[in-house]
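Colleague: Protein chains in written order, with our numbering: chain A, 5 to 527; chain B, 5 to 527.
Honestly, the hints are just simulated from the structure, not real lab data.
Some clues are possibly wrong.
Unchecked claim - Reference listing, derived: stretches of chain B covered by chain A, where coverage requires no fewer than 3 residues with Cβ under 8 Å from a Cβ of chain A:
#1 68 to 75
#2 145 to 156
#3 190 to 200
#4 240 to 249
#5 382 to 388
#6 449 to 463
#7 492 to 502
Stated by the list, open to error - As a list, the in silico BS3-like pairs of lysine-lysine whose alpha-carbon atoms are at most 25 Å apart:
#8 A:K190 x B:K190
#9 A:K206 x A:K190
#10 B:K62 x B:K526
#11 A:K62 x A:K526
#12 B:K190 x B:K206
#13 A:K206 x B:K206
#14 A:K526 x A:K81
#15 B:K81 x A:K206
#16 A:K62 x A:K81
#17 B:K206 x A:K190
#18 B:K62 x B:K81
#19 B:K526 x B:K81
Keep in mind it's a predicted model, so treat the numbers as computed, not measured.
Glycine is no exception: its CB is placed at the ideal position from the N, C-alpha and C atoms.
Listed here are the chains, written in short residue letters.
There are 2 protein chains.
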Amino acid sequence: MRGISRRDFLTVVGAAGGAGAMFATMGALGLAPTAMGTADYRPPQPSDFRLTGRAAAKVVVLGGGIAGLASAYELGKAGYDCTVLEARDVAGGRNFTVRGGTRQTELDGQTQVGRFSDGEYMNAGPARIAQWMVTLDYCRELGIPIEVFTNTNASALIYHEGMGAPVRYRTAKADVYGYVSELLAKATDQGALDSSLTGDDKQRLLAFLEDWGDIGAQHRYTGSKRRGYAVDPGAFDQAGTPLPGPPSLSDVLARGVGRHFSFEFEYEQAMLMFQPVGGMDRIPAALVRAIGPGRVRTGCAVTGITNGDNGVSVTYTRGGREQRIDADYCIAAMPPHIAARIPHNLGADVRQALTTFDVHPVGKMGLEYRSRWWETDHRIYGGITETDLDLDHLWYPSHGYHGRRGTLIGYYNTDAHAVAYGQLTPAQREARAVAQGVRIHGDKYRTELASSFSVAWHRIPHIEGGWALPTTDNIPAYVLLNQPQGRVYFAGDWLTFLVTWQAGAFDSARRVVTELHSRVLKS
Amino acid sequence: MRGISRRDFLTVVGAAGGAGAMFATMGALGLAPTAMGTADYRPPQPSDFRLTGRAAAKVVVLGGGIAGLASAYELGKAGYDCTVLEARDVAGGRNFTVRGGTRQTELDGQTQVGRFSDGEYMNAGPARIAQWMVTLDYCRELGIPIEVFTNTNASALIYHEGMGAPVRYRTAKADVYGYVSELLAKATDQGALDSSLTGDDKQRLLAFLEDWGDIGAQHRYTGSKRRGYAVDPGAFDQAGTPLPGPPSLSDVLARGVGRHFSFEFEYEQAMLMFQPVGGMDRIPAALVRAIGPGRVRTGCAVTGITNGDNGVSVTYTRGGREQRIDADYCIAAMPPHIAARIPHNLGADVRQALTTFDVHPVGKMGLEYRSRWWETDHRIYGGITETDLDLDHLWYPSHGYHGRRGTLIGYYNTDAHAVAYGQLTPAQREARAVAQGVRIHGDKYRTELASSFSVAWHRIPHIEGGWALPTTDNIPAYVLLNQPQGRVYFAGDWLTFLVTWQAGAFDSARRVVTELHSRVLKS
Chain A
5 MRGISRRDFL TVVGAAGGAG AMFATMGALG LAPTAMGTAD YRPPQPSDFR
55 LTGRAAAKVV VLGGGIAGLA SAYELGKAGY DCTVLEARDV AGGRNFTVRG
105 GTRQTELDGQ TQVGRFSDGE YMNAGPARIA QWMVTLDYCR ELGIPIEVFT
155 NTNASALIYH EGMGAPVRYR TAKADVYGYV SELLAKATDQ GALDSSLTGD
205 DKQRLLAFLE DWGDIGAQHR YTGSKRRGYA VDPGAFDQAG TPLPGPPSLS
255 DVLARGVGRH FSFEFEYEQA MLMFQPVGGM DRIPAALVRA IGPGRVRTGC
305 AVTGITNGDN GVSVTYTRGG REQRIDADYC IAAMPPHIAA RIPHNLGADV
355 RQALTTFDVH PVGKMGLEYR SRWWETDHRI YGGITETDLD LDHLWYPSHG
405 YHGRRGTLIG YYNTDAHAVA YGQLTPAQRE ARAVAQGVRI HGDKYRTELA
455 SSFSVAWHRI PHIEGGWALP TTDNIPAYVL LNQPQGRVYF AGDWLTFLVT
505 WQAGAFDSAR RVVTELHSRV LKS
Chain B
5 MRGISRRDFL TVVGAAGGAG AMFATMGALG LAPTAMGTAD YRPPQPSDFR
55 LTGRAAAKVV VLGGGIAGLA SAYELGKAGY DCTVLEARDV AGGRNFTVRG
105 GTRQTELDGQ TQVGRFSDGE YMNAGPARIA QWMVTLDYCR ELGIPIEVFT
155 NTNASALIYH EGMGAPVRYR TAKADVYGYV SELLAKATDQ GALDSSLTGD
205 DKQRLLAFLE DWGDIGAQHR YTGSKRRGYA VDPGAFDQAG TPLPGPPSLS
255 DVLARGVGRH FSFEFEYEQA MLMFQPVGGM DRIPAALVRA IGPGRVRTGC
305 AVTGITNGDN GVSVTYTRGG REQRIDADYC IAAMPPHIAA RIPHNLGADV
355 RQALTTFDVH PVGKMGLEYR SRWWETDHRI YGGITETDLD LDHLWYPSHG
405 YHGRRGTLIG YYNTDAHAVA YGQLTPAQRE ARAVAQGVRI HGDKYRTELA
455 SSFSVAWHRI PHIEGGWALP TTDNIPAYVL LNQPQGRVYF AGDWLTFLVT
505 WQAGAFDSAR RVVTELHSRV LKS
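Isolated chain A, as found in the complex (with noise of 0.2 Å):
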């Protein structure tokens, strides 16, 4: 979901934009784009083959994640004989959602059973979608309730070590705003940017900040009831004992809470967002069941794929025992250093290409509560408190307010973050998450404790990391295994400009679709 890697990939491979890098490289390669977009998607019908004479083929889909998944759902609109094979013992891939009961076996060996009230569950891979993701349209076409994601809080925290008491962000974006425009203004005022400005812009842009930073039009930050309250606003004569403040500019400054503020201008993360009503894995659920009985078998582990003129044998284990299944066509949504690790014959240049991504440790934690303390104490209904400590983001329910329990995500980090978590027993990532979170909300972060889970991607068999990132320097790695490879195509968000995306995985099995779909239809 977030890392400066993967903006670093779009800002350089997407650059302006979009178009920029990118093409420029794939025109060189000879490759023209396409101009397909997600409104674009048609899927394959049975119609399609009525004027052809041609029939739907048999496809093997290695990976049972969200490309896998969507792309035998696809193809299952038109009659394709699909099976999926998913090596772990549950179809979702990343969309991962844990409950009491949930098992889940480290590559160390060390395993985790769910001790999750009835109702209470953390979505340990993909919890939020944008408005514009194409994983809205899954939801409602196999209707599957959503709710709001709560992905910003002005109630929420934000806490830097130094600071003391942690800020919320209501009170924190006042102080910024506020002296923002009154720096502002007073350059204004001042002439200062009279080369940019006319007569009629200064004026605007003067009223602008009067009333966007509330210094009035006097021009001066001195707080603002945005900030919030000690007691709040009531009846006669509570008119709201303010809190403590503002800080001086240069506090404000040096505390460096404004750079916590872009987070919610991202086009991928702005709110409104949403979830599914009960959980994330509602998606490979329902799919599963859409796909048909039968057709998705958990627990096979692919060992080895050959490409032949006309068709695909995968080989595979499944209780110990080796298989074998042959079919027209095959689609490989497994993560690319997966799939980098099984024998195959597209060659070494694939080979090669599949070791090129950008793999990256991301862990998370889920701490149920027996209370609701962040609702009835802290008045905070949701959202997430950004920190610098080694948790980087906590998180708050969206769903089961005023329940009786409920359950945070204790830590989201990636990278040396997520390392030093993964490294530790899970009693020992609770205890460190939870120290570090009574640093922000004190005691009852300890005590109200019922029990915790936790996820470290990279450890996790199969998968073994948060996700796979195209680089600036495997443009070509990223476009060769974007071609089918003889019968075999690969699918996965990490082949897409929504790379850590669940939309990205929904994206790239379209696209794949759509393809293997065209081709069968010509062959």
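Assemble chain B onto chain A, guided by the hints.
Modeller: Positioned in the frame of chain A, the structure of chain B alone reads:
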């Protein structure tokens, strides 16, 4: 809710976050402010009477809006014998949810009957609850499930006359914040703010602006991915097709889109906000149930209040017949301009004081559609579109996502705009609102419409106004009516610093209940 007059009141009376003029005024009147905040509220309890030998009294409550119902509910906790007289045929007051079958006759006799489908509704009065408001405590206490109210949405629109096409919030914000950053960075770079900023300050400010305005290290705003896309990023080579733009700095300032940004910073309006699942009237319905059978009498219009040494006598009509109720105390929880018309013996000062509040016309219309085209065609899942048309605000529903039908708030307007719509017939109001909406959303705004319902609060019998505001001129009246007049207490949002908010009604009720109970215990 919203209204410039209310802000004026708070600004002047509660200057600089609270204390200011109001306390000064009250000091001059010899009244010291009490220190009770909402957090300190303690409901009356049966055990309170154990040591005093006193007993719970009989209380008649005039008005079954939220202030009246909450008063009876809280007093009932200690066994007070409460009767609520409500003039309308439904309790809740302005907390009024219109569904299929809801019937409403206006002052001039014109009647509407709701034709909304099952599950569709409009909250004609209060519709949103901030996290800090006591209203949420009542939802928790009464077991009313809540969900996010979508008060802000980056994908919602801003539409001004002469704009041509509407612009999304995300796009407008990216442009305004981008140019603000560029201008302030330029002034900072040029040394124009050296008298206000240390070297460290400058460095920190520039780092903030680069990120926050997405202007990068070159300090020029040339657009941003935050603006959104014509074609979204997707698979393989779909880097995303940028929207045209950005407009020039002068054009952005001239459009005036930035004036809508500060709404989301307001203490009462900042997300996250909430609503009861199923309609705001879940609250009065739950209060009525908790108060107990027979205690809330609808269709009872009060005709007289007589305060005596040992009790209060209230006359009212029910079904055309005059009736009388005697009680130890009375809580008059009616709008002040309605109470002002009822004969009473509380004196000329009270009579006069009740007429000093500033009563505002307010209108709201629900538009039910046969499809949720705002979701499917425009990817707008909730939120508010702001306009300078006479519809003022256009709300998308915060529930029923992906359902078959949905209900917009087609206008939510005040003062002159509310008067203009209010004087039309319901059919004319619909035609006018739809014609305006078509300018923003095109023909589906008309062709998909199923039915509408409009509420002109200033034309609703026994309410006759959207809200009644204290003003800078009526502080003595506000203070007077916040004191018991003999055995009569006044209650309502109009007697609080949360005027126009349901939370104000609750807070006023709590205050009156606390005072009345304390008096009974001492009597």
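Colleague: Please go over all the hints and tell whether each is borne out by the structure.
Modeller: These are the hints, each one checked on the structure:
Residues of the region 68 to 75 of chain B with a Cβ under 8 Å from some Cβ of chain A number 0, which does not satisfy the need for three, so the listed coverage is violated. Figure legend: the region 145 to 156 of chain B, annotated as covered by chain A; annotation consistent (6 residues with Cβ-Cβ distances under 8 Å, at least 3 required). Note: the region 190 to 200 of chain B has 7 residues with beta-carbon separation from chain A under 8 Å; the three-residue rule is met and the coverage holds. With 7 residues bearing a CB less than 8 Å from a CB of chain A, the region 240 to 249 of chain B meets the requirement of three and the coverage assertion stands.
A count of 5 residues in the region 382 to 388 of chain B with a Cβ less than 8 Å from any Cβ of chain A is obtained; the coverage claim is therefore met, three being the minimum. Coverage of the region 449 to 463 of chain B by chain A is violated [criterion: at least 3 residues with CB-CB distance below 8 Å; count 0]. Counting residues of the region 492 to 502 of chain B whose C-beta lies closer than 8 Å to any C-beta of chain A gives 4; at least three are required, and the coverage claim holds. A threshold of 25 Å between alpha carbons decides the hint, and for A:K190 with B:K190 the separation of about 13 Å falls inside it, so the pair holds.
Between A:K206 and A:K190 the alpha-carbon distance is near 11 Å, which keeps this suggested pair within the 25 Å criterion. At most 25 Å may separate the alpha-carbon atoms for a hinted pair to count; B:K62 and B:K526 meet this at roughly 16 Å. Taking the CA atoms of A:K62 and A:K526, the gap is about 16 Å. The hint holds against a cut of 25 Å. Restraint check: the Cα-Cα separation between B:K190 and B:K206 comes to about 11 Å, which is no more than 25 Å; the hinted pair holds.
Simply put, A:K206 and B:K206 have alpha-carbon atoms about 23 Å apart, close enough for the 25 Å limit, and the pair holds. Distance check on the hinted pair: A:K526 and A:K81 sit about 18 Å apart at the alpha-carbon level, within 25 Å; holds. For the proposed pair B:K81 and A:K206, the alpha carbon gap of about 59 Å is over 25 Å, so the pair is violated. Distance restraint check for A:K62 and A:K81: the Cα-Cα separation of roughly 13 Å lies within the 25 Å cut-off, and the hinted pair is therefore satisfied.
Under the criterion of a C-alpha separation no larger than 25 Å, the hint pairing B:K206 with A:K190 is consistent with the structure, at around 15 Å. For the proposed pair B:K62 and B:K81, the alpha carbon gap of about 13 Å is at most 25 Å, so the pair holds. Taking the CA atoms of B:K526 and B:K81, the gap is near 18 Å; set against the 25 Å cutoff, the hint holds.
When each numbered hint is compared with the structure, violations occur for hints 1, 6, 15.
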